[in-house]
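Engineer: Chains A and B, in that order, give the protein sequences. The numbers in numbering that gives the first Met the number 0 rise by one with no breaks, and the one at position 59 of the first sequence is 58. The numbers in numbering that gives the first Met the number 0 rise by one with no breaks, and the one at position 270 of the second sequence is 269.
Bear in mind the hints are in silico, worked out from the structure with no lab data behind them. All values derive from a computational prediction rather than experimental measurement. Among the hints, a few may not be true.
Listed below are the simulated DSS-like cross-link pairs for lysine-lysine, each with C-alpha atoms no more than 30 Å apart in a straight line [to be verified]:
| hint | chain 1 | residue 1 | chain 2 | residue 2 |
| --- | --- | --- | --- | --- |
| 1 | A | 54 | B | 173 |
| 2 | B | 159 | A | 204 |
| 3 | A | 204 | B | 18 |
| 4 | B | 18 | A | 54 |
| 5 | B | 122 | B | 217 |
| 6 | B | 230 | B | 243 |
| 7 | B | 217 | B | 243 |
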Amino acid sequence: MTALSHRKGHALRLNQVSAGTELIFHIILGLFAACCILPFIFVVIISFSAESSIKTIGYSFVPAQWSLEAYRQVFKLGDQLWLSYFNSFFITIVGTVVSVAICVLYAYPLFRKDFKLRGFFTFFSFFTMIFGGGLIPTYIVCKNLLGMSNNYAALIVPMLVNPFNIIIMRTFFQTSVPFDLIEAATIDGSGEYSTLTRVILPIVKPGIATVALLTALAYWNEWFLCLLYITDRHLYPLQYLLMEMQRNAEFISRNSSVMGAASAEAVRNLPNQTMRMAVVVFIVLPIACAYPFFQRYVVAGLTIGSVKG
Amino acid sequence: MLRHQAARRPVMGSAGRKKTLWLLTMVAPGAIWLILIRYLPMFGIVMAFLDYRLPTRKMPFPINLLHSDWVGLDNFQFLFTSDALTMIRNTLGYNIVWIALGLVLAVALAIMMSELTKKFLAKTYQTLMFFPYFLSWVVAAYFLFAFLDPTNGMIVRAQKAAGVTPIDWYNEPKYWPVILTICSMWKNTGYSTVLYLSAITGIDRSQYEAAAVDGATKWQQMLHVTLPHLKPIIIVLLIMNVGKIFNADFGLFWSVPMNSAPLFPVTQVVDTYVYRSYKFTGDVGMSTAAGFLQNLVGFICIMGANAIVRRLDADSSLF
């Protein structure tokens, strides 16, 4: 009996790295994984640290005193904060819904072997991945020709289509929809759009989830469009608000010697550092909460998308 | 299958045309977007060769181009300034080092992860490693700031406590090539590790067993079974990265160094250069020229890399 279990235990390690090597792997992987998550935990701790503790021991994983002061101050930001939070959610939701609709509609005919212009439209979207007009011409076309300046369109439209997502979506169609199904639906007299919505979409739900998540994350993390097209504070998304706070703080601290009395006033009104850390927490929190649920979809999507396009 | 369709086509002529039309309406929204936001700006490249005149009420946007003078390659003269050399060196240097380092790191981590017997822990590591990929650089900049802040940063305080003169991180360019490299690896390694790991999981286990029966050690199995299977995906990712060799992650170089001027010699890259030269000098011609060169070089690189790969091993090429 003991001999058997011994042999069994030995068999389990057959063609495995030795226990010692595996331990080293665990240490390396564990350290790297910890490095990936610790900075976020650190910022959360800082946001709950008391100003006095920071003055004496600096930012620390174990502050001398905890406090909710930073969050009280964040709420004092009032309208601007909620407005930015709203903007971020609004841009993310509208952008994702429209973007996914366009993506699915574009990818579906590219998967249809009987679509005559399939090759042309595949190339039409793929080509934009390898060549483009560049930042300035795109900026001038969007701003001067399409009127994207200080409006929500400027924060949504320039990111609506992503050829990479189209490839992911098309691959999902190819791997999960049997072509006979479409022929069967057509013979049953189903129109192209009703075939797509009633027959095909339910099958590719995981693909839609993947593309939707990637798009939503891209919109949530977006601030470059705001840097380019927006000057009106009412339209700032959360990410850009955070960036602007940092810029103001830098500006004042660098010029405080020149500004004299005015700077003392400015410094007093300056959002302090714990408060900015609290805003960081506000931004990351929705992602961190949803992350365990959406991770597997994104992994599935990226794995599929990287398969030869 | 093909013959079957060809035989049917003449009979279903009008139905076929109708089908094509319906499918065209589906492609239309995306195609219109691509024309407006991607293809139209390509004509804007002409601005790289013009002395651009700002649009006015009398001459709105496309019309003003007709009134701008043709200056040939004058806008490309910036290439011969030291600023341009610095930013080209930075862009290429960071990209080359990061492509190589990222590849080795991600493949190594993926192989280690595939060898773990406790699958639950492997899953946990993967989840944690992938997390930074989903955050913006603006947020990541604050993570770094918590360590490097000149007054309260953890590293700075530790240096003070140890009696060492603290380093003024945001004013010392010499540390930033390393800091930026760490940041880039921190954010992007998880992504490529996931890709490589899923490729490894797809390998037929019996190949390893066969190799083991033949007396191959774990190390030999990695060299002769795992790596050959990873080759296609490594090549695809390499081609994509080589195509982007002249592009930099704007967010990383813009927000992580907190826009600190003393750091520009090591943080200025093509993308930030284009943006800054447009923003602060308003020189449309020159910044368009820089962007155009960036795209042109990227295009040539990706075509070149793909052509080379196709010659060596046709199955691995991207297109």
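Engineer: Each hint needs a verdict: does it hold in this structure or not?
Structural biologist: The hints, checked one at a time:
With a CA separation close to 29 Å, the supplied pair residue 54/A and residue 173/B stays within the 30 Å bound. In summary, the hint linking residue 159/B to residue 204/A is not supported, as the alpha carbons are separated by about 55 Å, beyond the 30 Å threshold. As the CA atoms of residue 204/A and residue 18/B are separated by approximately 24 Å, the hinted pair is consistent with the 30 Å bound. Of the supplied pair hints, the one linking residue 18/B and residue 54/A is violated, its CA atoms being roughly 71 Å apart against a limit of 30 Å.
Pair hint residue 122/B plus residue 217/B holds up; C-alpha atoms about 22 Å apart against a cutoff of 30 Å. For a cut-off of 30 Å, the pair hint linking residue 230/B to residue 243/B stands: about 20 Å separates their Cα positions. Annotation: proposed proximity of residue 217/B to residue 243/B is violated, straight-line Cα distance about 35 Å (limit 30 Å).
Hints 2, 4, 7 from the earlier list are contradicted by this structure; the remaining hints agree with it.
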